[in-house]
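If you read the sequences in order, they're chains A and B.
Mapping the first sequence onto full-length UniProt numbering, position 440 (from 1) lands on 440, and the numbers just tick up by one.
Mapping the second sequence onto full-length UniProt numbering, position 349 (from 1) lands on 349, and the numbers just tick up by one.
Hints in this document: simulated from the structure, not taken from any laboratory.
Check before you lean on any hint, since a few could be wrong.
[What the hints assert, rightly or not] Cut-off 35 Å, straight-line C-alpha distance, at most; resulting in silico cross-link-like pairs (DSBU-like, lysine-lysine):
(1) A:Lys137 with A:Lys39
(2) B:Lys514 with B:Lys204
(3) B:Lys658 with B:Lys617
(4) B:Lys514 with A:Lys463
(5) B:Lys702 with A:Lys463
(6) B:Lys169 with B:Lys617
(7) A:Lys463 with B:Lys658
(8) A:Lys137 with A:Lys120
(9) A:Lys39 with A:Lys120
(10) B:Lys169 with B:Lys204
(11) A:Lys463 with B:Lys387
(12) B:Lys156 with B:Lys204
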Amino acid sequence: MTSAEQRRIVVVGAGMAAARLVEGLVARGLGPQVTVLGKEHHAPYNRILLSAVLEGTHAARALTLRDPAWFAEHGVDLRLGVRVVGIDRDAREVETVDDLGVESRVAYTELVLATGLIPKLPPIRGVVDRKGHLHPKVHAFRTMADCRDLLAVLPDAKRAVVVGGGLLGLQVARALAGRGIATEIVEGSEHLMSRQLSAPGGRALARDLRRLGTSVYTGSRAVRLTDEGLVLDNGFTLSTNLVVLTAGGRPAMALARDACLTVRRGVVVDSRLASVDDPAIHAIGDCAEFVDADGVSRTTGFVSPAWEQAALLAEILAGEARAYRGSRSVARLRATDLDVAVLGEPEEAVADERTEVVEISNPLAGSYRKLVVRHGVIVAATLVGDLSHVGLITQHYDRGTRLGPDEPGALLLPPRPTAPTQLHDSTEICSCAGVSAGEIRACSSLEQVVESTRATTGCGGCKEAVCQLLEQKIAPVPSG
Amino acid sequence: MSVSLAAAAPSPTGTTTHCPYCSLQCGMRLERVGRTLNVVEWSEFGVNEGALCRKGRTATGLRGHRERLTSPLVRDRATGEFRAVSWDEALDLVARHLTELQAESGRDTVGVFGGGGLTNEKAYALGKFARTVLRTSQIDYNGRWCMSSAAAAGNKAFGLDRGLPFPLKDIETADVVVLVGSNMAETMPPAARHLDRLRAAGGKLVVVDPRRTPTVERADLALQPVPGTDLALALGVLHHLIATDAVDEAYVAARTTGFGDVRRSVTAWWPEQVERVTGVPAADVRALADLLAAHPRAMILTARGAEQHAQGTDTVLAWINVALALGLPGRPGAGWGCLTGQGNGQGGREHGQKADQLPGYRSIEDPAARAHVAHVWGVEPDSIPGKGRSAYELLEALGQPDGPRALLVFGSNIVVSAPRAAHVTERLASLDLLVVADMVLSETAAMADVVLPVTQWAEETGTMTNLEGRVILRQRAITPPEGVRSDLDVIAGLAERMGQRLGQRLDFPTDPEKVFAELGRASAGGLADYSGITYDRIRDEHGVFWPCPATPEGAVPHPGTPYLFAERFATPDGRARCHVVDHRGPAEVPDADYPLHLTTGRVLAQYQSGAQTRRIKELPDSGPFVEVHPLVAARLGIEDGSLVTLSTRRGELRAPAKVVSTIREDTVFVPFHWAGVNRLVNDALDPTSRMPEFKVCAAALKVGGHR
């Protein structure tokens, strides 16, 4: 084992996963042995909330997860504005270059790749100029800088097109609409949120959006940006001041690939969250691809699995015996007046023969809800337009609760209106004084009730019921 | 014996006193008519204005009860039977045993266990007895299982622990009241009248509770979090306040420290994240935060539901952070407070029956405090022992190689109320000597070697400090039965006997008023300063709020302190402290073997371990029951009234099921007044307050009463 002086845990990336990892390492006294290399100029911040900042419902300065002073206080070497351009596995060093083009090398004993996603650039002519710069009307939406740039141009914008109808695209569209900008969404696949939702779910969502004033073009691709607007492959041209690209991303694994580590969609890791080729190199978060016990290989794209991995890796790096076995993910749209929750992979899970599906679709109310159940356990779910019971459904999903046959259905039904209560003479009305309905019925006025039974004089909670009984609004039920 | 339900014809007769039960300490009059003692309303007393719940109305029912003990009992070691003995014989025996054990195994071999139902005078005398006669560090009390998390949080944040920093009635003047883990309508019913008046005046009530209790029935917004996640909810509320710029920045800058770190620490708790952990819909998290932000007069009141957790102190601190962010503490009609539980939970922890405290809420580790108290007691400061074990740790150490071999119990029924109670019962059984002072043969007294019959409420005088920090006076209304003595007499009797052996003579007065005057001197200059309070003032002013320092002869008396924190907090720099806290979750979470959350609480007609209320025939005694949601009941084949077996990793309970839709579908509830459920609950302790995790553990439920 390397001695403490020589140990150097180098984290590539300073996003949400990296921040959680460093918190775990600091909690275990490893802060002074950690170096964090971040490409962005901001200390780690909560990327999930960028669309809320865009919407104006979240203060931009309240996004920071940990500021540079915190890293310094705990002895963590945080370097921002630094890109890692290569990994020298033999020398156990990473090669870096900063904004001024100064190259450097940082030695590691353990390397953690937390490089996240690279936004996809859809193949639209005119979006990028010959030098590789985005057209002035076009904005990406991944980083704090992207968000600031977009916020700066909003005052002059009247119309916007969001390219990509996934989770992020919908949040951005709602944010722009909330700012009073006429917003349209273009989605290449047949329905919205196609990675998570089935067609009926996507349709319910599109209906909700239209109701909120946002046009949705599904099954159509943007092909060209001209002075007239964004040209779609169905012949429409959407005139616009702004184009926001939210067409998803791909795991940033070029570094790993160039270092000859096994990569598929992401960096392939084992249950120690280490590369299957090099135990000194770990990967967590969006850039990692984990193969579970059933041989299912998965990259996440959501923050909760990234945080679980980060917390677990901190324990592993601190020498604790831990194994990663995969995560349950809950994707929750965070946008005003648009309610979506997706638990697990409902579309994948449905394909399985052992599963049963309980679903309720109400086009009139714009809701679509589906639970995928295997042996009584909710393994995936889709809730669109109606999130009642979302808290409980999530608990059952996270805990793997084995439900009875009627429960999944009951979880999707609205609560039944209760029939007016009929009070038996022996029913206790005032629990403070121990007075029954019969004793109250025997009185003719509230004064008499107070006088002879003391009902209503304790907590006062029964006063309404007592008055109702006195007014004989509640039909008496004879004793016996 | 009978209980009067007669209307309160304004009657100047009778003795004014206070209910023997909860921390509200409702005022009442006791009137003798022939041989009966009647409870009559005392409407001039402002806390309850004459209102009483069933427990208060029937409080005289324990008088003359056939189970009442009237003679000391000593267990014959040969036969195991109790034998009635004289007081002298009992006290001599106890004193001799204690002296012998201490000679053999050191002073700390004798432990003392007190209660939050004891009067201030008794709590004080007990602490003094432990420190000066026994000179043991091993003293603590059952308040650890009640308000200690809120107490720890109050001390950390404000430098002071008083349940409410304002009179309870101020609830009516607020715009919004948030109750976190309080079932006020059932646990202190007359207090719920304030909620009704609040709402009648247009104010809003929010209740956070995993059950839809009668208190929730009055709420404008009800949140039903997963048990053990109140902390995450508070983090989410604070997150939303910060995100929407609702923080009172001027207040935070002028009156607090540490908020910057807290601000950063909640960035990870956006409402959807909170929803996943707490089960509370994100929209409701926002609704609560928005409601608080929109109303300057907001109160956040926590109770056992938030506090009885292994993260209880942090949970309270998280809600205090919310209050501080909004600038509530010190503002009229606003602030944070704790709704204390036991009758004298507040006063009981201020005067020295807690392992780390001396009278006046002084630290036993502060040399100046030791010197002051030693002077009042007439002993050397060095002779006062240091800090001892906390309640559960004390019980756990009993009979162990380095733990106490003898225990004196006053005002507590440990066998029913302790967590992991079966284990605690084993520890009690391993003692060389267990002495219990009680008025009936409680479950704990039944295990004792010596039982000392003591006076009860209405037979004795003494002060209590209610949840508002108001010191009130319970007055003797009747003569105690032949053969019983007050706890003060018992302590004095033991002190006299043991003092003789130790060659010292210390003054242990038995007149409560004298004890109170001494308590006042001992508390002078402390945080909870009672030195300016007298019995006469309490009678004249319907209670006096501490701190109330004595003023020089002839000067205007100090008026007492109904309101705290208007100008400054009780910290050295006068600022409140914001503490970074994070949600770790309960010590035990449901899994495949134990798939449900178990939570516990109270029912209206019973109080605490039920040692008093279960013996009153007018109070319905249902016995324990298991509240379960209809869907879970259907899943497990349980019908309303079915006998079910509830089990945890620590034990089993058989009881009838009560199928109700007012409980979360993943949670079951059992009231704790009967021996049983506390054998099941988790003994994981809060690292600061040493509060056990009564309010949540993992449990399995099945129909039927057999394994």
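| request: Quickly compare the C-alpha distance for Lys463 (chain A) and Lys658 (chain B) to 35 Å and report which way the hint goes. | output: Given that 35 Å is the threshold and the Cα spacing comes to 26 Å, the pair holds.
| Taking only the CA atoms, is the gap from Lys137 (chain A) to Lys120 (chain A) under or equal to 35 Å? | 17 Å, holds
| Straight-line alpha-carbon gap Lys463 (chain A) to Lys387 (chain B), limit 35 Å | This hinted pair is violated, its Cα atoms lying about 50 Å apart.
| query | Holds or violated: Lys514 (chain B) with Lys204 (chain B), Cα cutoff 35 Å? | reply | 46 Å, violated
| field | Pairwise hint evaluation, Lys204 (chain B) against Lys156 (chain B), where the allowed Cα distance is 35 Å at most | value | 29 Å, holds
| message | Tell me if the straight-line CA distance from Lys702 (chain B) to Lys463 (chain A) falls inside 35 Å. | response | Violated, because 39 Å separates the two Cα atoms, which is more than 35 Å.
| message | For a C-alpha distance cap of 35 Å, please report whether Lys169 (chain B) and Lys204 (chain B) respect it. | response | 15 Å, holds
| query | Holds or violated: Lys658 (chain B) with Lys617 (chain B), Cα cutoff 35 Å? | reply | 23 Å, holds
| Are the Cα positions of Lys137 (chain A) and Lys39 (chain A) separated by 35 Å at most? | 24 Å, holds
| Are the Cα atoms of Lys514 (chain B) and Lys463 (chain A) separated by 35 Å or less? | Not OK: Lys514 (chain B) and Lys463 (chain A) at ~45 Å, beyond 35 Å, violated.
| Is it true that the CA of Lys39 (chain A) sits at most 35 Å from the CA of Lys120 (chain A)? | 18 Å, holds
| query | Hey, Lys169 (chain B) versus Lys617 (chain B), does the alpha-carbon distance stay inside 35 Å? | reply | 32 Å, holds
In the structure shown, a violation is registered for the earlier hints numbered 2, 4, 5, 11, in ascending order.
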